[in-house]
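**Q** Residue-level listing of the chains:
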Amino acid sequence: MKNDYLDETPQLLKVLNWISVLLLLIASWMVFFYAPLEAVMGQVQRVFYFHVAAGWLGMAAFFVAVVAGIAYLIRRTAKWDVLGVAAVELGLIYMFVNIVSGSIWARPAWNSWWTWDPRLVTATVMELVYLAYLMLRQGIEEPERRARFGAVYAILGFATVPLTFFSIRIWRTIHPVVIGSGDAGAKGSFEMTSTMLQTFMFSLATFTVLGIVLLWHRYRLGKLEAQVEEMRMEALDY
Amino acid sequence: MEIKSPGFLASIKAILWKDIAIEWRSRQMLSAMMIFALLVILIFNFALELDARARINVTAGVLWATFAFAGTLGLNRSMAIEKEGDALDGLLLAPIDRSTIYFGKLLGNLLFMFVVELITLPVYSVLYNVNLFNAGLLLVIVLGSLGYAAVGTLLASMAVQARTRDLLLPVLLFPVVIPALVAAIRASSGFLSGLEVEFIMPSLNLLIAYDLVMLALAYMFFDFVIEE
Amino acid sequence: MIEVTGLSKRFANKHVLKGLEITVTPGEIVALLGANGAGKTTLLRILAALSNPTLGKIKIGGHALPAEAAAARGRIGFLGHKTLLYSDLSAEQNLLFCSRLYGIQNANSRVDEVLELVNLFRRKRDPVRIFSRGMLQRLSIGRAILHNPQVLLLDEAHTGLDQDSAAMLNELLRSLSKEGATILMASHDLDRVSELAYRVDVLVSGRIAASRSKSEKSSSSLAQFYADALQSEKRGPRGN
Chain A
1 MKNDYLDETP
11 QLLKVLNWIS
21 VLLLLIASWM
31 VFFYAPLEAV
41 MGQVQRVFYF
51 HVAAGWLGMA
61 AFFVAVVAGI
71 AYLIRRTAKW
81 DVLGVAAVEL
91 GLIYMFVNIV
101 SGSIWARPAW
111 NSWWTWDPRL
121 VTATVMELVY
131 LAYLMLRQGI
141 EEPERRARFG
151 AVYAILGFAT
161 VPLTFFSIRI
171 WRTIHPVVIG
181 SGDAGAKGSF
191 EMTSTMLQTF
201 MFSLATFTVL
211 GIVLLWHRYR
221 LGKLEAQVEE
231 MRMEALDY
Chain B
239 MEIKSPGFLA
249 SIKAILWKDI
259 AIEWRSRQML
269 SAMMIFALLV
279 ILIFNFALEL
289 DARARINVTA
299 GVLWATFAFA
309 GTLGLNRSMA
319 IEKEGDALDG
329 LLLAPIDRST
339 IYFGKLLGNL
349 LFMFVVELIT
359 LPVYSVLYNV
369 NLFNAGLLLV
379 IVLGSLGYAA
389 VGTLLASMAV
399 QARTRDLLLP
409 VLLFPVVIPA
419 LVAAIRASSG
429 FLSGLEVEFI
439 MPSLNLLIAY
449 DLVMLALAYM
459 FFDFVIEE
Chain C
467 MIEVTGLSKR
477 FANKHVLKGL
487 EITVTPGEIV
497 ALLGANGAGK
507 TTLLRILAAL
517 SNPTLGKIKI
527 GGHALPAEAA
537 AARGRIGFLG
547 HKTLLYSDLS
557 AEQNLLFCSR
567 LYGIQNANSR
577 VDEVLELVNL
587 FRRKRDPVRI
597 FSRGMLQRLS
607 IGRAILHNPQ
617 VLLLDEAHTG
627 LDQDSAAMLN
637 ELLRSLSKEG
647 ATILMASHDL
657 DRVSELAYRV
667 DVLVSGRIAA
677 SRSKSEKSSS
687 SLAQFYADAL
697 QSEKRGPRGN
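Chains as they are written, first to last, in our numbering: chain A, 1 to 238; chain B, 239 to 466; chain C, 467 to 706.
Because the hints were derived from the structure by calculation, they are not lab data. A hint or two may mislead.
[As the list claims (entries may be wrong)] Simulated crosslink set (SDA-like; lysine to any residue; CA at most 20 angstroms straight-line):
| hint | chain 1 | residue 1 | chain 2 | residue 2 |
| --- | --- | --- | --- | --- |
| 1 | C | Lys-480 | A | Arg-46 |
| 2 | C | Lys-590 | B | Arg-263 |
| 3 | B | Lys-321 | C | Arg-595 |
| 4 | C | Lys-480 | A | Ala-78 |
| 5 | C | Lys-590 | B | Ala-259 |
| 6 | B | Lys-321 | A | Glu-141 |
| 7 | A | Lys-79 | C | Arg-476 |
| 8 | C | Lys-480 | A | Glu-141 |
| 9 | A | Lys-223 | C | Phe-477 |
| 10 | C | Lys-480 | B | Glu-465 |
| 11 | B | Lys-321 | C | His-547 |
| 12 | C | Lys-590 | B | Ser-264 |
With the rest of the complex left out, here is chain A:
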């Protein structure tokens, strides 16, 4: 690994840092003041903008982990592994935001903190899969094996996501849920006006930029860690 990460933060990243903060502020303003008040659900509906954006980006992050995993298995260069871990951690954070905000939404809407909605359950299962990924990595000492196993599990885990989603959907259609809320389809169904759409798209863009910034920082951190480790091993060799 080249010594390029002891150098300072690249210009582009510094700029993006500021942009993402700005976008976050604007997006928050849009969510609370620009977007209209939804007729049926009231203020709670505002959760929707960040909730969905976080969900999509969480999935995207896990997908990046899959790509990184495949790349690692083919190329065996450590940087793909670093990217994979960074993407998983990012995904975990975004998915967590998604799950918690979904829960917050459910409470006033259906009077329970949880609904067995396929999307919410799938998000939770994904979260568990990638937490398991971290535990797997923690249990393996050799870096090469750790990277290899991580890649395999990241890919495998992602493949089960659509299967999980459909299995729960099938579950719901045959036996409507007795505990908790009502019908899956009723979740957040409302008409999206144009201002709502704009707010949503803006939130999505904000989270995307934020995600790239966080991923990039985490990636740099990971490479730095790996470099320190390499230098330590070389020092020990003599």
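Once you've looked at the hints, dock chains B and C against the given chain A.
**A** Structure of chains B and C alone, referenced to chain A:
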């Protein structure tokens, strides 16, 4: 002396036979799995405390939860055998296709799961006065166990190489096996309550899809997991 | 036949083998000496196709590694630090299983033959679990030669063997090499080495640093030669 490289099926058979022979001589795994399964069923009885009618509804769930938990014992033990004395190296040294190791272990794991399941069914029937002799149920058990073992064999191979090996397998396995469990429970329940087949088909289809996808992925990844 | 050029092996950040070269011809017994952790086991495992090299060209039993690993395996016998045995099975069952993996015809008679060779015929039905260290080692040796390999890779083969068993092993190795087998054995035991080896290679700092044939007339003893080889490498890269 003549050496012919053993064929694909011959290698799988040899590995399967070896696992059966080991279990035959030590009898450790099956008895542990069996006792565990029965204990789980007993615990469910006290945990759920249901009247006779409610019990029929939860039978599928209780059975599959039992199989899922008992299954991890078998998977762990199956891989632990190869870790002891580095016997896996012995397999890797041989002029056999490495995927035969995967299939050989998979069939062994599957076989032991079936033994446990086939003993559990009549016991549950007797304890709870529920008729479990149902062809549809047996079909679901075969398909569900296949998916479980397909992923489980791969993940057990990984877990056994980690420091936290016994803790790790359930943590890795359960999140990814959820689709199979959910579909299997749904389908089992359907068959037990005499639902029309057209309503059970979606679950069965999902289970079959799961099995195919997981078999393919596990087969592809096994090499990566056992290489040095 | 073993031919290795430019072999390097890197584990994460550790460079274990650095441009190693070694050749062993059929009928030769070559001993590999080296300090603990020098890379002897790593080298043997790479030659056995258990591990992949980072760089280098390897030809073993007429096949290139790692490209033709599958074809090479049938010709290689390996004895490592672990037994490679299933402790719940009997000696006979272990060898029978092994014979099925190697596609050996007339397995039963071959297994009996090998068990006789390593003096375990009378214990063949006993579970390996109850075997002593020496018995385990003998069985592992039997396992390694079961399929009549062209190339034999041995890692500390004499460990755990009593006098008689050690003599048995020496006899076995000599007769195998007479039949044209290529034998590379890593060892710590200089006495054994001087009894058996035609040539001694010393592995230091990831390469074969020194080599001496039995046929060479030399004033220094084997022990002296070995000590000198270890010392010279220590001095080498530091230049003092």
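**Q** Against the 20 angstroms threshold, does the CA-CA distance of Lys-223 (chain A) and Phe-477 (chain C) hold or violate the hint?
**A** holds (18 angstroms)
**Q** Keeping to a limit of 20 angstroms between CA atoms, is the pair of Lys-480 (chain C) and Glu-465 (chain B) held or broken?
**A** holds (19 angstroms)
**Q** Is the hinted pair Lys-590 (chain C) and Ser-264 (chain B) satisfied, with a Cα-Cα distance of at most 20 angstroms?
**A** Holds, at about 17 angstroms.
**Q** Would you mind confirming whether the straight-line C-alpha gap from Lys-480 (chain C) to Ala-78 (chain A) stays at or under 20 angstroms?
**A** holds (15 angstroms)
**Q** Checking one constraint from the list: CA of Lys-321 (chain B) to CA of Glu-141 (chain A), max 20 angstroms. Satisfied?
**A** holds (17 angstroms)
**Q** Does the structure keep Lys-79 (chain A) and Arg-476 (chain C) at a Cα separation of 20 angstroms or less?
**A** Satisfied, since the Cα-Cα distance of roughly 17 angstroms is no more than 20 angstroms.
**Q** For the pair we were handed, Lys-590 (chain C) and Ala-259 (chain B), check the Cα-Cα distance against 20 angstroms.
**A** holds (16 angstroms)
**Q** Given the hint that Lys-321 (chain B) pairs with His-547 (chain C), does the C-alpha gap stay at or below 20 angstroms?
**A** Holds, because 14 angstroms separates the two Cα atoms, which is no more than 20 angstroms.
**Q** Against the 20 angstroms threshold, does the CA-CA distance of Lys-480 (chain C) and Glu-141 (chain A) hold or violate the hint?
**A** holds (14 angstroms)
**Q** Is the hinted pair Lys-480 (chain C) and Arg-46 (chain A) satisfied, with a Cα-Cα distance of at most 20 angstroms?
**A** violated (54 angstroms)
**Q** Does Arg-263 (chain B) lie within 20 angstroms of Lys-590 (chain C) when you go C-alpha to C-alpha?
**A** holds (15 angstroms)
**Q** With the threshold set at 20 angstroms, check whether the alpha-carbon distance from Lys-321 (chain B) to Arg-595 (chain C) stays at or below it.
**A** holds (15 angstroms)
Violated hint for the displayed structure: number 1, the only one.
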